[in-house]
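Novice: The residues making up each chain are set out below.
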Amino acid sequence: MKPFIELKNVFFEYKLNGPDNLKAVNDVSMTVIKGSHVAVLGRNGSGKSTLARLIAGLEQPGSGTITVGGYEHDGGAASLEIRRKCGIVFQNPDNQIIGTTVEEDVAFGPENLGVPREEMIVRIDDALKAVGLTEKKKSAPHLLSGGQKQKLAIAGILAMDPECFILDEATSMLDPSARKDFIALVTSLVKERNMTVINITHDMEEAVLSDHVYIMSEGTIVRHGHPAEVFDDIDLLKAQGLDVPVHMDIAQKVSDLTGRARTPLADFTREGAAEDIIRMCKGISCLKTTEGDSTGKYNGRVCEEKTHETVLDVSELSYTYSRDTVFANDALSEVSMSIRRGELFGVIGQTGSGKSTLVQHFNGLIKPQSGKVTVLGFDTSRKDGIREIRKHAGLLFQYPEHQLFEETVYKDIAFGPKCLGMDEDSIHASVMNALEIVGLGEEYASKSPFELSGGQKRRVAIAGIIAMEPEILILDEPAAGLDPAGREDILRFVNDLADSGTTVVLVSHNMDDIAKMADRVLVLKGGKVMSCTSPEELFSENDVSEFGISLPVITEFMMFMRSFVPGLDVSGFTADACAESIVSVLSDGKVVSA
Amino acid sequence: MKDITLGRYYPGDSIVHRMDARFKFFISIAMMIGIFFLTGVLPFAVYAIFLMVLIILTRIPLKQIFLSLKPILFIIVFAFVINLFSYQGTELWSLGRLTITYEGLYSGLRMAARLSLLIITSSVFLTLTTTPLNVADAMESIMKPLQKIGFPAHEISMMMSIALRFVPNLMEETDKIMKAQSSRGAKYDTGGVVARARGLVSILVPLFVSCFRRAEELAIAMEARCYNGAQGRTKLNVMKAVRPDYIMTGVCLLVLAVVLFLEFVRF
Numbered sequence: 325m326k327p328f329i330e331l332k333n334v335f336f337e338y339k340l341n342g343p344d345n346l347k348a349v350n351d352v353s354m355t356v357i358k359g360s361h362v363a364v365l366g367r368n369g370s371g372k373s374t375l376a377r378l379i380a381g382l383e384q385p386g387s388g389t390i391t392v393g394g395y396e397h398d399g400g401a402a403s404l405e406i407r408r409k410c411g412i413v414f415q416n417p418d419n420q421i422i423g424t425t426v427e428e429d430v431a432f433g434p435e436n437l438g439v440p441r442e443e444m445i446v447r448i449d450d451a452l453k454a455v456g457l458t459e460k461k462k463s464a465p466h467l468l469s470g471g472q473k474q475k476l477a478i479a480g481i482l483a484m485d486p487e488c489f490i491l492d493e494a495t496s497m498l499d500p501s502a503r504k505d506f507i508a509l510v511t512s513l514v515k516e517r518n519m520t521v522i523n524i525t526h527d528m529e530e531a532v533l534s535d536h537v538y539i540m541s542e543g544t545i546v547r548h549g550h551p552a553e554v555f556d557d558i559d560l561l562k563a564q565g566l567d568v569p570v571h572m573d574i575a576q577k578v579s580d581l582t583g584r585a586r587t588p589l590a591d592f593t594r595e596g597a598a599e600d601i602i603r604m605c606k607g608i609s610c611l612k613t614t615e616g617d618s619t620g621k622y623n624g625r626v627c628e629e630k631t632h633e634t635v636l637d638v639s640e641l642s643y644t645y646s647r648d649t650v651f652a653n654d655a656l657s658e659v660s661m662s663i664r665r666g667e668l669f670g671v672i673g674q675t676g677s678g679k680s681t682l683v684q685h686f687n688g689l690i691k692p693q694s695g696k697v698t699v700l701g702f703d704t705s706r707k708d709g710i711r712e713i714r715k716h717a718g719l720l721f722q723y724p725e726h727q728l729f730e731e732t733v734y735k736d737i738a739f740g741p742k743c744l745g746m747d748e749d750s751i752h753a754s755v756m757n758a759l760e761i762v763g764l765g766e767e768y769a770s771k772s773p774f775e776l777s778g779g780q781k782r783r784v785a786i787a788g789i790i791a792m793e794p795e796i797l798i799l800d801e802p803a804a805g806l807d808p809a810g811r812e813d814i815l816r817f818v819n820d821l822a823d824s825g826t827t828v829v830l831v832s833h834n835m836d837d838i839a840k841m842a843d844r845v846l847v848l849k850g851g852k853v854m855s856c857t858s859p860e861e862l863f864s865e866n867d868v869s870e871f872g873i874s875l876p877v878i879t880e881f882m883m884f885m886r887s888f889v890p891g892l893d894v895s896g897f898t899a900d901a902c903a904e905s906i907v908s909v910l911s912d913g914k915v916v917s918a
Numbered sequence: 003m004k005d006i007t008l009g010r011y012y013p014g015d016s017i018v019h020r021m022d023a024r025f026k027f028f029i030s031i032a033m034m035i036g037i038f039f040l041t042g043v044l045p046f047a048v049y050a051i052f053l054m055v056l057i058i059l060t061r062i063p064l065k066q067i068f069l070s071l072k073p074i075l076f077i078i079v080f081a082f083v084i085n086l087f088s089y090q091g092t093e094l095w096s097l098g099r100l101t102i103t104y105e106g107l108y109s110g111l112r113m114a115a116r117l118s119l120l121i122i123t124s125s126v127f128l129t130l131t132t133t134p135l136n137v138a139d140a141m142e143s144i145m146k147p148l149q150k151i152g153f154p155a156h157e158i159s160m161m162m163s164i165a166l167r168f169v170p171n172l173m174e175e176t177d178k179i180m181k182a183q184s185s186r187g188a189k190y191d192t193g194g195v196v197a198r199a200r201g202l203v204s205i206l207v208p209l210f211v212s213c214f215r216r217a218e219e220l221a222i223a224m225e226a227r228c229y230n231g232a233q234g235r236t237k238l239n240v241m242k243a244v245r246p247d248y249i250m251t252g253v254c255l256l257v258l259a260v261v262l263f264l265e266f267v268r269f
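Chains S and G, in that order, give the protein sequences.
Counting from 325, one number per residue, gives the positions in the first sequence under this note's numbering.
Counting from 3, one number per residue, gives the positions in the second sequence under this note's numbering.
Relax, there's no trap hidden among the hints.
With a straight-line Cα cutoff of 35 Å, these simulated DSBU-like cross-link-like pairs (lysine-lysine) come out:
1) G:K178 with S:K460
2) G:K178 with S:K771
3) S:K460 with G:K181
4) G:K72 with G:K178
5) S:K460 with S:K849
6) G:K237 with S:K462
7) S:K849 with G:K181
8) G:K242 with S:K462
9) S:K358 with G:K237
10) S:K707 with G:K72
11) G:K146 with G:K237
12) S:K504 with G:K178
13) G:K189 with S:K852
14) G:K146 with S:K460
15) S:K696 with G:K189
16) S:K460 with G:K242
17) S:K849 with G:K189
18) G:K181 with S:K461
19) G:K72 with S:K691
20) S:K358 with S:K460
21) S:K453 with G:K242
22) S:K461 with S:K504
23) S:K707 with G:K178
24) G:K181 with S:K852
25) S:K515 with S:K462
What the hints contain is simulated information worked out from the structure, not anything from laboratory work.
Using the sequences and the accompanying hints, generate a full structural model.
Specialist: Right under this line is the structure:
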């Protein structure tokens, strides 16, 4: 079969200011058969996005050839034809919508291709129907949700009669349910039309859907093959800073504990992993080692109501956007909750459940309309306390790197402390301390924040709040959009901050992160409190889907395991803890600490 | 922030709303030129009645119409006062060297009426009843003949519509950045000039950076969808005049003719 996409020894360089150019793509060859589903994985900056642009005809290779659907890139007419055949969906939903209405945006591609108006109208209707946006035809794009915007991008491509979708981290800015929706849509469209998909992603759950994965590092392909085979090499995944699918991670941990090897290629599916785990545990009477206690947490902080004072108290808080107008929209209704000193408090719920509105009350950005918010003894509705509150309760929004503005990292981090009126010496000390906490060396202090990588910018932005030495740190999705290694780093130091006594409020869509880190979790739905308890209790027996949230992936697998292993404790949230509880139930003997 | 509207477009489905924007554009220019010739009470009154009828047809509340006068209220009052005192003739009232005459009063009122009618005319035909996008499209269509002599009509219209498209995003972003910097202790409403200017920098720099980033990403997204300039491009929304457009234009021009007739042929 003739390949649909073929790359032969492709090189591509970005010109930099210095003497060396950045080799973004370095001698890459690949062939993709029509109708196949390819995943490309790798760290941020590994050249994945450049590869996508090269294939889509948006960049010209420095050397080597790229052939798509029988056309070879020439930077002219053939490249234009390739662009038509390969539709690309980018990461940021907002920055790829050109039209002022949904309909006009879908029309943009066909307009460029010179499609006659009558045919264009038919194509638009078909495309909108295929993605389920027919009712939004006349809407302005800013009124759509993130998930709908990405579906609009798909519709815009469909109207150009494409043969291939290229997804460039298209789901990384969506919440989990929108993500699932989007992938389901793409998968069904592709099947229907025998299209090819190239999905550049960090999400392992998406990657396992592919029939061939490529792992990129520093512009080269370090490994490729069927996902079952590539993912079986857990050491490789870890070395490349990628996530390991949880069931494989647990299987590996069980193998470490029992001293028995995993069955090669068996653990790719959940079923296979479960079977393999049970096999490895059979007849084991003694575990090799168990280190420390297995609370299933990064760390077990104890913040009892009796011993730990309340630092933040919300009572009967309600808030309505655009009150007294036809647009009135209840964001919060009768929310009561309190946070204790030193705890890591998780806030979860669907997009639009009121999380963001709630946390903006925590440092007085929003004044309560009814009800009361007390932060460290100050009432946020009073004007005189706001300064004190801002000093002690630091709030960081999503994608905080977008607020950087100074010439150097040092100055930017010092902005907050300066606004608070700290003196030069203490500013210097707190800036340096903050840099160290976020894991950036002193050499970064004099760099421009704009020349850093995405993950580093994120750390600088977080350091900007840490430098204000807040007693309460409120973080809205601090790790969103980063690659797995970057996300792990950030969550690690957030957890360390909580350990060292800072009260942390963590808003997140990632149930696994919340389960692992939080001491207590608040679940919001439609502006109401659904539950406020420990993650162990929340995720153990409840049917959480009625709260509009999903189980952590790891808990889902443990519940699946429990159908084979009755009496299994599913309250662990790390692979280590889960492996231990499985082994302790399955092994004949008791858990023996070494 | 989501319910912001651009300009002062007042949604509706009246005959004026539905009219081809190019025609509305021409009518309002013709009307505005006509208004400059008016001096008599009768022509003013007839024209005002005509506008009133149009306003009733559009179902736009009178409050909205008056709001459109607000930005130039000062100019209207200023013109009125200057006129009031700067004519010689039959004395009405005087205080020291300031004298108000009948002629002055009449001229002041005329000036105020003229300015108000100008604004109301453009509001009724354009700003209140036509979406900014339609205005942009009309401009492109009107400028199209100039394309032959190298005038970038398509590019200008594309730029206008993209700008319109991103206004809500940038407003949302400004709001977010302001809140983020406020969380870091920045103050925008208190402090001296220097402190405030510094505060402004902390908003503007991130906003510019974000604009550049968006522009870059958008350019690539446009290229990915085969954008290649105006060449060989078709359009979804073609402006096509229909019979009601011609009828409305005829009616408006007729009214204008009557008003001018009343002005120049005094009885």
